[in-house]
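K.L.:
Residue numbers (the numbering used here), protein chains in the order written: chain R, 1 to 350; chain E, 351 to 700; chain G, 701 to 1050.
Watch out, some of these pointers could steer you wrong.
Restricting the straight-line Cα-Cα distance to at most 27 Å, the calculated cross-link-like pairs of lysine-lysine (DSS-like) are [what the hints assert, rightly or not]:
no.: 1; chain 1: R; residue 1: K95; chain 2: R; residue 2: K116
no.: 2; chain 1: R; residue 1: K329; chain 2: G; residue 2: K750
no.: 3; chain 1: E; residue 1: K525; chain 2: R; residue 2: K107
Incomplete in silico selection of chain G near chain E, CB under 10 Å [unchecked claim]:
no.: 4; residue: S811
no.: 5; residue: C848
no.: 6; residue: N853
no.: 7; residue: T866
no.: 8; residue: G887
no.: 9; residue: I899
no.: 10; residue: D924
no.: 11; residue: Q978
no.: 12; residue: Y1012
Simulated from the structure, these hints should not be mistaken for lab results. Just so you know, even glycine gets a beta-carbon here, dropped at the ideal spot from N, CA and C.
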Amino acid sequence: MKKFKLYLTSKQISSQIDGKLIEFHQNDLTNVAELNEADEHSVCFYENPKYIDDLKNSKAGLIFVPEDFDPTLKMDTNLLLIEKPYIHFMMLVQKWLEMSTSEIIEKISRSASIPKSANIGKNVIVRSNVVLGENVIIEEKSRIESNCVIQDNVQIGSNCHVYPNTTIYEDCIIKNNVIIHAGCVIGADGFGYVFDQGIHHKVPQVGNVIIEDNVEIGANSTIDRATIGSTVIGKGSKIDNLVQVGHNCKIGENSILCAQVGLAGSTEIGNIVYLAGQVGVAGHLKINDGAMIGAQSGISGDVPQNAKYLGYPAIDAGLQKRIFAVQRKLPEIVRFFNKKIKEEKQKENS
Amino acid sequence: MKKFKLYLTSKQISSQIDGKLIEFHQNDLTNVAELNEADEHSVCFYENPKYIDDLKNSKAGLIFVPEDFDPTLKMDTNLLLIEKPYIHFMMLVQKWLEMSTSEIIEKISRSASIPKSANIGKNVIVRSNVVLGENVIIEEKSRIESNCVIQDNVQIGSNCHVYPNTTIYEDCIIKNNVIIHAGCVIGADGFGYVFDQGIHHKVPQVGNVIIEDNVEIGANSTIDRATIGSTVIGKGSKIDNLVQVGHNCKIGENSILCAQVGLAGSTEIGNIVYLAGQVGVAGHLKINDGAMIGAQSGISGDVPQNAKYLGYPAIDAGLQKRIFAVQRKLPEIVRFFNKKIKEEKQKENS
Amino acid sequence: MKKFKLYLTSKQISSQIDGKLIEFHQNDLTNVAELNEADEHSVCFYENPKYIDDLKNSKAGLIFVPEDFDPTLKMDTNLLLIEKPYIHFMMLVQKWLEMSTSEIIEKISRSASIPKSANIGKNVIVRSNVVLGENVIIEEKSRIESNCVIQDNVQIGSNCHVYPNTTIYEDCIIKNNVIIHAGCVIGADGFGYVFDQGIHHKVPQVGNVIIEDNVEIGANSTIDRATIGSTVIGKGSKIDNLVQVGHNCKIGENSILCAQVGLAGSTEIGNIVYLAGQVGVAGHLKINDGAMIGAQSGISGDVPQNAKYLGYPAIDAGLQKRIFAVQRKLPEIVRFFNKKIKEEKQKENS
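Take these sequences, add in the hints, and give me the full structure.
P.N.:
Structure (structure tokens):
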């Protein structure tokens, strides 16, 4: 249950949205909730018939329901009949959040460490104990949460939100409207060594990371800097928690990397690619536009455009599913095979 | 080797424990150690015959050994004969730790940032550079280590221990006796987008995380907040390092998630479930009470109560092990199969 | 592109390196870059013919090329002909970095929290908001970046570099020339419980972590402390990002653990072992010297010296690759097998 400082009425909500309000009583709505935790001040949504019991038992004050919903099923509750209950409910949540955001009075915390060489735009928020290196640029309306460390020469565009305890190494460039969740490490050294005479000699890592507009990066993910040049996360791509992106990778636009995905160095991911959870991709490969890779797959070669791959090593998902389906037959097949081999030998010997 | 500020004698130790002391000499014991690193002031245990040589060579001052141990094997060392040496040794370690804990004089660090709206209980410890948001509640005897960030409206119960550099996002609820190790991120946004016209539109994430009593969460793990409602970690469950729990997951009581496990969104884990290392679980599934899942397994469907599953995709562990056992026969089988196909074709053609 | 504060000329660079300079014009060089992002002040290298177009179009001021390179291919640019362009280029980068390092004036930040009991060597750098526990030792020339937390009794040798937001738990020992990247957690509790009467009872974790000379650990990795004794990372071993090393593991010298590898408790890794990305290793195993394990493999038994293993569960890599190659035949084999079974049954019945 998310409570807002600002309350709304069912009428106020329905006046903003192109749906049909069935109002049994006037009420003050103060929160959004799931059906089964709702109280009389809650707004909820109902779409999936699986949750019909939750709907019937819900104490919610207003429920978004589908257009073809039978209102007699929930006679005592204000209902908003609407084409896509979930989408419109979420749009309401977004608006309500924006209306409720309180002004932060201290924009730059006195405990933040900000050298004179920093260039901080208008309405930037820098919270407690943030440490900026030399020549850092942060453009307007960006927000750096407490205990982040932003090293020398980092550039952060406008409207970014960097959550607490994140580290951004020197020279990295974050463009506009980027969200970086807590604990991320952007720009740590790529994993590069030259093995000579039994010892791994570190290769200096002097490239950077460039994160384009509208990217979101989940908690505790790590994006390594390039050895030379840049590791790039393209416009609108979304990265989940605990993801590893190796040095010199290039991720295209609007791609999705789910939690715990790992990319080895110098791999290219196209546009609108989908990598499900825990997928691993070897180095120096190319996954082309529109490809979809199933969870935990291991990618050891290039993936063609719009291909669906699955498995370890990953192959065409359709074939892989057929293989998965028949694998449980293997013990039986091997028994049959052993019997046949024995028969053949007996024939040869007789 | 763990050295304690408080020293004990073999007699003092044995007087607390229901075992039989064979004392060759009086001594001051100041530390616990492994057999092979021990000095004359060390207490050790011996249980597994694999380590008999370490026992014989050990310089330990006191060794917990099994009741049926032959003392002539270690004539010069004080021995404590006892039913379960390891368990009783660990109980001693626990007690010794508690006796040795020194008082912390500064309970609330002056460098911590604590707004007036915070509600801090008795004997709470808040260390250096901790940043609390508005309306945070921390109940008695809890301890927040240095450089943690606890955002608005977070509630932390009594006797909790939050290690350094942890971030807890707004509205999350941590109950009593919870341990959260360093670098964890509790309550970051769930990974939710609506894909429309080639762009991923962020779904607002306004639920929270609820962590019940006696949970322990390992270093750098991430527990995402629910979209609406709560992500819940049930009473007594234990989560290892680098684990990802997606938004709206519900984990039951006394379950175990080993390192690097990943749960996609809205998945339910029952009570006393065991997920070994690097297991991945798809979204919207149910793993029922008592199920045990082998390491690196990929769960793509519900798992019945008390089932043992293994593999990718995971199936009954017994069948999976039989499949693993015969898989190495595959190249031979395929040769046999190709030969047969060829023979059949020749027959048809002749 | 990495810009240095100090500029060099082509002559100055070539005078340091045993190659042959072909100089078309004198120039000031200020940065190192990839061929395709270079400007007239850039030094680049060219080695792989795949990048010949980048070479031809490059605006670089000086390019390291192989000894047998035909200079007429790039008439307008200063060239340095040399045996191993990449290696020598990287050696230049390393030297240039060292020459360009500016003196840090404030060696110990006033916002760092350093108790009187700390023992800090000469030329140690401790940046903003670092929190040291009691009795911490940091030897000369080591550098602790902002917002790190180093708990009681930790020892850090000379020439170490600990990046921001890292946590080192009490009693851990870091030797010399160790690099620990941002967000690491060294010495968190091992994952140990005793299950009794339906509840997991925590086993106290009182060992430590020892990190030997010349180790590098990637961002957000976690190395758990031993239950008793020590978790050890041997001399010269290199660990990538998001790696989990369980309690009581012993890693030998000069081994490589790629990103997202996980080791369960008490496992031993020998010298010059290579674990590719996302490999998982069960507990209490031994991977012997020189073994190489392919990406995402699951190790469930000991691995012999110099063995190459691959797969889930991992077996000899050669055999595994043959199995992978024939797996796609499985659906066809199963059809053949079902046909044969049917034929045999018909024979029996007729």
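K.L.:
Evaluate each hint against the coordinates.
P.N.:
Verification of the hints:
A hinted pair counts as satisfied when its Cα atoms are at most 27 Å apart, and R/K95 with R/K116 does not qualify at roughly 38 Å. For the suggested pair R/K329 and G/K750, the alpha carbons sit about 46 Å apart, so the restraint of at most 27 Å is broken. Proximity of E/K525 to R/K107 is assessed by CA-CA distance (about 32 Å); at most 27 Å being required, the pair is judged violated. Checking G/S811 against chain E by beta carbon gives a least distance of about 8 Å; that is within 10 Å, so the hint holds.
Taken as an interface hint, G/C848 checks out: its beta carbon lies about 8 Å from the nearest beta carbon of chain E, inside 10 Å. Annotation: interface hint on G/N853 holds; nearest CB of chain E at approximately 9 Å, less than 10 Å. Proximity of G/T866 to chain E holds as hinted, the smallest CB-CB distance being about 8 Å (cut-off 10 Å). The interface hint given for G/G887 is met, as the beta carbon of that residue sits about 9 Å from the closest beta carbon of chain E, less than 10 Å.
Checking G/I899 against chain E: minimum C-beta separation of about 6 Å stays under 10 Å; hint holds. Satisfaction of the interface hint for G/D924 is found here, the shortest Cβ-Cβ separation to chain E being roughly 7 Å, below the 10 Å cut-off. Because the smallest distance between the Cβ of G/Q978 and any Cβ of chain E comes to about 7 Å, under 10 Å, the interface hint for this residue holds. Residue-level restraint check for G/Y1012 holds (minimum Cβ-Cβ distance to chain E is 6 Å; threshold 10 Å).
Of the numbered hints stated above, those contradicted by the structure are hints 1, 2 and 3, listed in ascending order.
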